[in-house]
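> Sequence:
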Amino acid sequence: MANASLCLERQQARKNIYLTFDDGPNNPATLQVLQLLQQHAAKATFFMLAKR
Numbered sequence: 001m002a003n004a005s006l007c008l009e010r011q012q013a014r015k016n017i018y019l020t021f022d023d024g025p026n027n028p029a030t031l032q033v034l035q036l037l038q039q040h041a042a043k044a045t046f047f048m049l050a051k052r
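Under this note's numbering, the first residue of the sequence shown is numbered 1, with each subsequent residue one higher.
Please note that the accuracy of each hint is not assured.
Derived DEER-like restraints, expressed as beta-carbon distance ranges [said to hold, decoys possible]:
1. L34 x R14: 23 to 31 Å
2. K51 x A13: 36 to 44 Å
3. Q38 x N16: 15 to 23 Å
4. A50 x N16: 40 to 48 Å
5. L49 x A13: 13 to 21 Å
Simulated from the structure, these hints should not be mistaken for laboratory data.
Positions of the beta carbon are idealized from the N, C-alpha and C atoms, including for glycine.
Construct the entire structure; sequences and hints are all you get.
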C-alpha cells in the first residue's frame, strides 16, 4: 500500500485509471477480460478466490 499512497500524493502529467477485478476467476468472463486487456496493452489487478 505504500506505493498507492505515493501515487496519490504525486502530481502527474497524465491521468491514471486503476482497474481491479474481484472474486475470480470466472469462465468465460476472466478470459474475455484478459483478451481485452492484451488488445489495448492495459494492465489490471485481479483478486482471486482460493476456492475457484
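> Hints first: check each against the structure and report whether it holds.
Against the structure, the hints come out as follows:
Look at L34 against R14: about 24 Å separates their beta carbons, and that is inside 23 to 31 Å. Judged by the Cβ atoms, the range 36 to 44 Å given for K51 and A13 holds: they are separated by roughly 42 Å. Between Q38 and N16 the C-beta distance comes to about 19 Å, which sits within the given range of 15 to 23 Å. The supplied range of 40 to 48 Å is broken by A50 and N16, whose beta-carbon atoms lie about 29 Å from each other.
Taking 13 to 21 Å as the suggested C-beta distance range, the pair L49 and A13 does not conform, at roughly 37 Å.
The structure shown violates the earlier hints numbered 4 and 5.
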